[in-house]
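Trainee: Read off the chains here:
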Amino acid sequence: MTAWTLLIIAALTAIGFFVGQARAQGLRNAGAASLHSLPAYHGLLMASMALAAAGIATLAVALVAGSDSMIMPAAAALLGTGAIAASHRLITRDFRARNRFEHFVKLVLIACSGVAVLTTIGIVFSVLFETLAFFGEVSPIEFLFGTHWSPTSTPASFGLIPLLVGTLLITFIAVLVAGPLGLLSAIYMAEYSSKKMRGVLKPLLEILAGVPTVVLGFFAALTVAPLIRNTGEGFGLIVASESALAAGLVMGMMIVPLISSLSDDIINAVPQSLRDGSYAMGATKSETIKRVVLPAALPGIVSAFMLAISRAIGETMIVVMAAGLAANLSFNPLAAVTTITVQIATLLVGDQEFDSAKTLSAFALGFVLFCFTLVLNYIALRIVQRYREQYD
Amino acid sequence: MDASPQKSTLSNSPRILAARDTKIVASDVNVYYGEKHAIKHLSIDIPDRAVSAFIGPSGCGKSTFLRSINRMNDTIDGCRVTGDILVDGKNIYDRDLDVVQLRARVGMVFQKPNPFPKSIFENVAYGPRIHGIAKSKTDLEEIVVGSLKKASLFEEVKDRLDHPGTGLSGGQQQRLCIARAIAVNPEIILMDEPCSALDPIASARIEELIDEIRQNYCIIIVTHSMQQAARVSQLTAFFHLGDLVEFGDTDDMFTTPQDKRTQDYITGRFG
Amino acid sequence: MTDTFDKGNAAFIAKRYSSERRFRAYGAAALAISVLFLVYLIADIGIRAWPSFFEHRAVLEVNLDASKIPAGNVQTGDFEGVVRTAFRGGFPGITARSDLKSLTSLLSAGAADDLRQQTVANPASIGTTVKAGVLLADDADLYLKGMLTDTVKTPGKTNLQLAQSGDEFILTGDLSQLAAGQIVRANGGALRIASIEAGLARAEAVMPPVTLNTLAPGTWDILSFSHAEADRRIDDRQVVWLESLRDKGAIEKHFAWRFFTNGDSREPELAGLRGAIAGSLLTLIVTLSLSVPLGIAAAVYLEEFAPKNKWTEIIEVNINNLAAVPSIIFGLLGLAVFINFMGLPRSAPLVGGLVLALLVLPTIIIASRAAMKAVPPSIKEAALGVGASHQQAVFHHVLPLAVPGILTGTILGVARALGETAPLLMIGMVAFIVDVPKGFTEAATVLPVQIFLWSDLPEVAFQSRTAAAIIVLLGILFCLNAVAIYMRKRFERRW
Chain C
97 MTAWTLLIIA ALTAIGFFVG QARAQGLRNA GAASLHSLPA YHGLLMASMA
147 LAAAGIATLA VALVAGSDSM IMPAAAALLG TGAIAASHRL ITRDFRARNR
197 FEHFVKLVLI ACSGVAVLTT IGIVFSVLFE TLAFFGEVSP IEFLFGTHWS
247 PTSTPASFGL IPLLVGTLLI TFIAVLVAGP LGLLSAIYMA EYSSKKMRGV
297 LKPLLEILAG VPTVVLGFFA ALTVAPLIRN TGEGFGLIVA SESALAAGLV
347 MGMMIVPLIS SLSDDIINAV PQSLRDGSYA MGATKSETIK RVVLPAALPG
397 IVSAFMLAIS RAIGETMIVV MAAGLAANLS FNPLAAVTTI TVQIATLLVG
447 DQEFDSAKTL SAFALGFVLF CFTLVLNYIA LRIVQRYREQ YD
Chain S
452 MDASPQKSTL SNSPRILAAR DTKIVASDVN VYYGEKHAIK HLSIDIPDRA
502 VSAFIGPSGC GKSTFLRSIN RMNDTIDGCR VTGDILVDGK NIYDRDLDVV
552 QLRARVGMVF QKPNPFPKSI FENVAYGPRI HGIAKSKTDL EEIVVGSLKK
602 ASLFEEVKDR LDHPGTGLSG GQQQRLCIAR AIAVNPEIIL MDEPCSALDP
652 IASARIEELI DEIRQNYCII IVTHSMQQAA RVSQLTAFFH LGDLVEFGDT
702 DDMFTTPQDK RTQDYITGRF G
Chain G
117 MTDTFDKGNA AFIAKRYSSE RRFRAYGAAA LAISVLFLVY LIADIGIRAW
167 PSFFEHRAVL EVNLDASKIP AGNVQTGDFE GVVRTAFRGG FPGITARSDL
217 KSLTSLLSAG AADDLRQQTV ANPASIGTTV KAGVLLADDA DLYLKGMLTD
267 TVKTPGKTNL QLAQSGDEFI LTGDLSQLAA GQIVRANGGA LRIASIEAGL
317 ARAEAVMPPV TLNTLAPGTW DILSFSHAEA DRRIDDRQVV WLESLRDKGA
367 IEKHFAWRFF TNGDSREPEL AGLRGAIAGS LLTLIVTLSL SVPLGIAAAV
417 YLEEFAPKNK WTEIIEVNIN NLAAVPSIIF GLLGLAVFIN FMGLPRSAPL
467 VGGLVLALLV LPTIIIASRA AMKAVPPSIK EAALGVGASH QQAVFHHVLP
517 LAVPGILTGT ILGVARALGE TAPLLMIGMV AFIVDVPKGF TEAATVLPVQ
567 IFLWSDLPEV AFQSRTAAAI IVLLGILFCL NAVAIYMRKR FERRW
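Protein chains in written order, with my numbering: chain C, 97 to 488; chain S, 452 to 722; chain G, 117 to 611.
Isolated chain C (complex conformation):
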């Protein structure tokens, strides 16, 4: 039925266009030289009215009677034809078909830009409902402050703290790696490198940024983790084969391009006049950067770091492949820890019933993750906006 309905709608739209255009062209040939709108617009308007009428009819029937109903194509055909008949009478010399059609287009455009808002609403609701259902079974206090996480054992325990510590530990390692690397790279590219060199380096960093995280996860698990383990054992240390350090290091390399490209933009936005002022007093380049450029760019750099942290917290594949599954409450970078995203992924991969606390807990974790990253992103974006306005 759906296919037939779609076919009918498409046909009516096409018919509407040709009927409208032909009628307007007829008026024009009959001597109405100063037709307000071009015949094509009359056609487009009629087509869009047919489309809208038939589309609304279809949706209404589908909602009421289900999409298998025979009424659906019939309703579409009826209302579409009705719309064509009704708008046929409207076509006169002075009818402003273009304006009407443009109004229609504008409505479509508004609807399209609403999709982004709908997405956010969809995210909030889908996560929120399941989270509330979860809190019906496990108290929020126990969830937020519990120090033990084992959703599959009996009785199951849902304490967020070990996951939070694991997530923050890996994020901390990542930022420790990516912060200096990214910032220094940005400074070098913005202030020291020649235009030609920049033309080579920037695409290289973009390639690094474009490496899918599943690839980085594979690399972390198969190359970096054994490397760290072997090195650590060479020094007599006990290193877990899924150490936080391995995941953190690779995640750090993942966010280097993010920090460097954001910082690069920010540093370039610092007005040349500030630098000139410093040079004119006999400061060297590095002194100018350290004492003038970086302080001026500080808000932007802070926000770049915040976006990077948010990215690291939400990153999934690297930790799924290279970090542990067991929730150990540990601050040791050489131990295996697990993260929020790892738990979401492992809880929801495979078949799941939607009413078990185990499945719902994944949504609760998603809710925590969403709130965390939303706050970080929002603050970071606000800071950047303020900063841009300052130098615009």
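Listing some non-contacts, in silico: residues in chain G with all C-beta distances to chain C over 12 Å: (1) 187; (2) 190; (3) 205; (4) 210; (5) 243; (6) 274; (7) 314; (8) 316; (9) 320; (10) 373; (11) 374; (12) 377; (13) 497; (14) 520; (15) 606.
Just the calculated beta-carbon pair ranges, DEER-fashion: (16) C:290 <-> S:714: 55 to 65 Å; (17) C:329 <-> G:269: 30 to 40 Å; (18) C:329 <-> G:574: 21 to 31 Å; (19) C:467 <-> G:129: 52 to 62 Å; (20) G:179 <-> C:329: 49 to 59 Å.
Over 10 Å on every C-beta distance to chain G, these chain S residues come out as not near it, computed from the model: (21) 471; (22) 486; (23) 491; (24) 588; (25) 651; (26) 705; (27) 715.
The hints are simulated quantities; they were obtained by calculation from the structure and are not laboratory data.
Here a beta-carbon is modelled for each residue, glycine too, at the ideal position from N, C-alpha and C.
Since the structure of chain C is provided, determine the placement of chains S and G on it from the hints.
Mentor: Same frame as chain C, but now just chains S and G:
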């Protein structure tokens, strides 16, 4: 806001105006950009088949007023216009007026030549196409060639109508823009400092062109150059800080200005 | 008067300059580390991947026995049987059941596939004997690629006497070439050296020799290994068989086209990417056909028509935030809304495409807006000036001029969608799927998820396949990025 609305000195119409039909009548026009009061209580009558020049120091509102005649100000956020502007007796700020049709009747040439990045032919043909002026392909070609001829550009480009318009020299580009404006049969042509981005020789060509076509159109030109105003226009309006200070025959204006501010400006004391 | 260029300052100035150099070096080092990481990453994966692009086949004389392959229905013929018979025929001395099983385990489960296809295409060959390359199993393949052990073949240079006592064989003579663990191939058999004592070497039969003749120089050779039998996934007998095939010239190495033309499989040597590539393609079609029109429409509205008010601001803040929401959250959205609420099928490219469309929508909107912003307002004014409506000005002039920028942004969005894994795990695109998906609602997987699935498998051969799949994915992404960079360079307009 200005307490005493200042009527223009219009009551005693310029001599030239009397000899011609009035094309545009503006009365008590105010333009605001947000809080800024850019045009204050302006009233003016502009004649058909003549060139009127708007002069005045930067920021005096002459371009703003020009852009309210074809409602290009509508495209600026926070811009508000009050008062009436009548073209052939019809208020262009009427609710039921279609701004698109207005702009077909009121052509515009901009400060910087802005041909579309398309062929020369397409540049000129665009207007007639969207207004459905040409009935056929040959019709369209005639309009394009006719417009290019009127803009005295045809001889220079007749072999390369399919070349991009952006490849022409600055002066040629500006004449192309004039041809583009002419192609939709406007009655009024607004020119916003059309020569400011051109060298003197190209400017002279444009001025010649304006002189040739003035018989058929109501032309309004905003210019920074008083010499240009004196050369091309029959009437001149002097704007200052959002006020229309003086409007009269160009010859009178440059010899015996009525207002002290006009005198100071044309003798180079400010501006 | 104080001299500005006072010598007393020299030390201080020098210190400042060295600090300057140091700072600059830090920057260069930071960049170098990032670039080296990238190079190391790609090299490491490339080296792991390389062997997977090749496969080994045994070339056999196969008798297409008409009694086993019905001419009327070639497809159902017992090609496995005839191939097995042909393969065993090369080793007439092997008769014990366990030996035969061990021998046939060198062949892939799909060894007969190619022959079946050839015969279907050429039924006239039934009843004749044809030369056919049959695919070897993953362990045999790995051994031949030298990934299980390094094998060194040394020709025997001395005379050795051979004697048998019970199951044990004794070698005497010049034993200088021998060492324990090696295999001596002589007299139609193969002996593994168990131990070397004063003047004699004890050995056990891997394949019993046919005669006990003295081993003359040039008639025997030694196989020595870097990994002892217990440390590798292939035993000495199989090694001897493979080596004898190799010596006969019956082993061929080919480019592994089936890596691209096969679907997924539990057998590493048969596993291919076709299913995953088809899944990625279907998913991308859904993603693109939704996100591009929606994204451009939203960008046009926000950039050109939206009034500057609270609502517009909310939409803008919302889009910027959405661009930074972790991708796994989009997976949760897809699971809760598309699968549970709307009842769309799990694991389907349709749902994957929807989720990814929402994921890349902000990217496309932001890129499209930037591209339209870069079109100078004078173009729009010119159109308005000749009486074009606002929409005509935008759709006839601004949007066409912004197309290269929009396209660049879209390509980058596609690259992101193509590499995205986490949200697809949430909506169940992790199933083991052998068939190549043909529709938008069939169960499917995509390239990055296939990588994730393979990386989890224990077989060594899958590790290499995973790396090879990564190289394919990176290759596609690299091409997409190159196109984007080229377009940016080629169509970048300076106004």
